[in-house]
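In case you want the letters, here they are:
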Amino acid sequence: MASKSNERGVEIIAVSIDGKAGGTYEGLAGTFAGFADSCLRMKTLPGFYRTDLTVEGELKGRRLRLALPGTRTPAELMEIIDTALLNIGAFPCTEGKADCFIEVKSVK
Amino acid sequence: MALKTAKEYLDSIEKMKPRVYCGGKWVKNLLKNPVTKSMVMANSAIYGLAEDPAHKEVMVATSHLTGEPVNRNLNVARNIHDLDMRQEMALLTSQTVGTCNYRCVGCDALNSLASTTWEMDRDLGTKYNERFNKWLAYAQANDLAVSGAITDAKGDRKKRPSQQDDIDTYVHLVEKRDDGIVVRGIKVSQSGAIGSHETLVLPGGSLKEGEEKFALAFAVQNSVPGLSYICQYNALSAEREACDNEDELGNPLYGQRETSTMYFDNVFIPWERVFLCGETKYCGKMVTRFAKAHRMNCGGACKVGFADLIIGGTMMAAEYIGVEKIPHIQEKIVDMVRYSETSHACAIAAAMRGREEPKGSGVFLPDDLFGNAAKLNIAHGFYEIIKNAGDIGGGLVVTAPRMKDLDDPEVGPVLKKAFGAAAPADKRMKVAKFLQHWTAGLHGVGTWHGAGAPQGQRFMFTLLTDFEAKKKMAKKLMGMKEDK
Numbered sequence: 001m002a003s004k005s006n007e008r009g010v011e012i013i014a015v016s017i018d019g020k021a022g023g024t025y026e027g028l029a030g031t032f033a034g035f036a037d038s039c040l041r042m043k044t045l046p047g048f049y050r051t052d053l054t055v056e057g058e059l060k061g062r063r064l065r066l067a068l069p070g071t072r073t074p075a076e077l078m079e080i081i082d083t084a085l086l087n088i089g090a091f092p093c094t095e096g097k098a099d100c101f102i103e104v105k106s107v108k
Numbered sequence: 109m110a111l112k113t114a115k116e117y118l119d120s121i122e123k124m125k126p127r128v129y130c131g132g133k134w135v136k137n138l139l140k141n142p143v144t145k146s147m148v149m150a151n152s153a154i155y156g157l158a159e160d161p162a163h164k165e166v167m168v169a170t171s172h173l174t175g176e177p178v179n180r181n182l183n184v185a186r187n188i189h190d191l192d193m194r195q196e197m198a199l200l201t202s203q204t205v206g207t208c209n210y211r212c213v214g215c216d217a218l219n220s221l222a223s224t225t226w227e228m229d230r231d232l233g234t235k236y237n238e239r240f241n242k243w244l245a246y247a248q249a250n251d252l253a254v255s256g257a258i259t260d261a262k263g264d265r266k267k268r269p270s271q272q273d274d275i276d277t278y279v280h281l282v283e284k285r286d287d288g289i290v291v292r293g294i295k296v297s298q299s300g301a302i303g304s305h306e307t308l309v310l311p312g313g314s315l316k317e318g319e320e321k322f323a324l325a326f327a328v329q330n331s332v333p334g335l336s337y338i339c340q341y342n343a344l345s346a347e348r349e350a351c352d353n354e355d356e357l358g359n360p361l362y363g364q365r366e367t368s369t370m371y372f373d374n375v376f377i378p379w380e381r382v383f384l385c386g387e388t389k390y391c392g393k394m395v396t397r398f399a400k401a402h403r404m405n406c407g408g409a410c411k412v413g414f415a416d417l418i419i420g421g422t423m424m425a426a427e428y429i430g431v432e433k434i435p436h437i438q439e440k441i442v443d444m445v446r447y448s449e450t451s452h453a454c455a456i457a458a459a460m461r462g463r464e465e466p467k468g469s470g471v472f473l474p475d476d477l478f479g480n481a482a483k484l485n486i487a488h489g490f491y492e493i494i495k496n497a498g499d500i501g502g503g504l505v506v507t508a509p510r511m512k513d514l515d516d517p518e519v520g521p522v523l524k525k526a527f528g529a530a531a532p533a534d535k536r537m538k539v540a541k542f543l544q545h546w547t548a549g550l551h552g553v554g555t556w557h558g559a560g561a562p563q564g565q566r567f568m569f570t571l572l573t574d575f576e577a578k579k580k581m582a583k584k585l586m587g588m589k590e591d592k
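Chains as they are written, first to last, in this note's numbering: chain A, 1 to 108; chain B, 109 to 592.
One or more of the hints may lead you astray.
[Stated by the list, open to error] Label-pair distances were calculated between CB atoms; the ranges are:
1. A:E76 / B:E449: 36 to 46 Å
2. B:P466 / A:G61: 37 to 47 Å
3. A:G70 / B:K467: 43 to 53 Å
4. B:D286 / A:P74: 28 to 38 Å
5. B:P521 / A:E76: 51 to 61 Å
6. B:D231 / A:G96: 32 to 42 Å
7. A:R41 / B:G233: 39 to 49 Å
8. B:K284 / A:V107: 27 to 37 Å
9. B:E354 / A:R41: 36 to 46 Å
10. B:P466 / A:E76: 24 to 34 Å
11. A:R8 / B:E349: 42 to 52 Å
12. B:K235 / A:K60: 24 to 34 Å
13. A:R8 / B:K512: 29 to 39 Å
[As the list claims (entries may be wrong)] With a Cα cut of at most 20 Å, we get these calculated DMTMM-like pairs of lysine to aspartate or glutamate:
14. B:K115 / B:D160
15. B:K440 / B:E427
16. B:K316 / B:D273
17. B:K284 / B:D273
18. B:K136 / A:E7
19. B:K538 / B:D574
20. A:K43 / B:D287
21. A:K60 / A:E103
22. B:K389 / B:D231
23. B:K538 / B:E432
24. B:K235 / A:E79
25. A:K105 / A:E56
26. A:K60 / B:E356
27. A:K20 / A:E95
28. B:K316 / B:D274
29. B:K123 / A:E79
30. A:K43 / B:D160
31. B:K136 / A:E76
32. B:K123 / A:D82
33. B:K538 / B:D516
34. A:K20 / A:E76
35. B:K123 / A:E76
36. B:K136 / A:E79
37. A:K60 / B:E518
38. A:K43 / B:E283
39. B:K524 / B:E356
Calculated directly from the structure, the hints in this document are not laboratory data. Computed from a predicted model, the values in this text were never measured in an experiment. Think of the CB as a built atom: it goes at the ideal place given N, C-alpha and C, for glycine as much as any other residue.
With the hints as extra help, turn the sequences into a complete structure.
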């Protein structure tokens, strides 16, 4: 089953860091599924490698909860997620209603 | 944003983190490694051409999906003019960077996909074309650099893909899931994949019933987990790494042609990026349509741009030693032009005789016979061209000391005395290094195999030529009766 997409075939991904809005991204439909697969099956973020950064995550519907190891500030976490989303082909956007959600926090 | 500037492309690549191995180490930043940087700089120059009003007609097209201006590297040819401008783009980009337009294979791959997915949807009722068009609109809107991956590692050539001891020698399906597929395997000799935003992956050849797991076409982002690139490495790579001044190299900014081996280690591809999955019957068509586009462009235009550069360098080499008016030198240079321009003529003919394929698809592809003629002609002609460049350039092409040695207080004056002729030593040595890049580098074998080795074109000639019709014409003129 293909993931939800709008007429243009894109999906809007909203990122929150420690419960606060972090940014909104647009990617081709399927981008969120790719991002989730990376985190859950490959245990890493796009553009990062297991040796650099291991992640733990939980997927519920179109909502992905991520835990990144190490103590990081919200700005540092957002920078990591921004890089990861760019590396899977999602670009910052300002228009459109989000249909996918990534919630990020750091864990010690 | 419909058209990226060169700077915007470079900024986007700065943030990309593909898993790239080059010359014994992992490359963390493509722009910090001198070898990978040359590939990225070449791609940025291609973006730059589209910004130049002088090249707009060639480099910019109108999207048939949105009506917006798009880089021609992301355009689906919809008429003869598009085909003609496509081959002119291959000429212009080669003349400009002296190496690959690293978006070229992706361009020809997407034209094949536009044609073949349309046919599959018509015949099978699939939704591949709709999916492909959404991907293409997204690629156009973001002006993505898209490379193409066609050639599988192939293993033992006597065996079919499924008979290989290690089937990873072919990219294949591992798992079908609700949200996409998981693939693994190896594609080789992939030009510029490292510095592209995405790569279009096509089957490497025709497939038979029972080989469905190898029948795959998809688009993959360049930094997805599980995808690694192992770069080519050779004497020119080592030279670029070791030198402290790239101006001394044969192609200072853009380098040689950079390729990599792409290893897909259980990579997930969402369905939205899958354009063929299991339909073996259409693999041959997909590859053939790619090849007919690529042979026109790679064979009859790209290498002609290279030839223009080599001919220019060779003329300079002749002038610098005062032999430019000697008849046999002029004859050899004329031969270089002849090899080159006959190939370009074939490319222009392939574009002019192009046609919609399949009927109703709206996609135009070049004429197969002329495209194959362009490639086969340049495969042989290019060796003649570099032979003549080496002949006229002289032994200095491979015996010259470093340019930097001219500045040495002890040996510099000796070198200036040795190599000064009708032009100063530094000019002669610069041109010698330039010709060394072409004659003693990668481009001979690269031209031979790029877009398929000549045996492939010969095979196509036997398929496409109506030999019976030719015999019939000859018999008629001879007054010979038809055999009963």
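Original post:
What hints, given by number in increasing order, does this structure fail?
Top reply: 1, 3, 7, 10, 13, 17, 18, 19, 24, 26, 30 and 37
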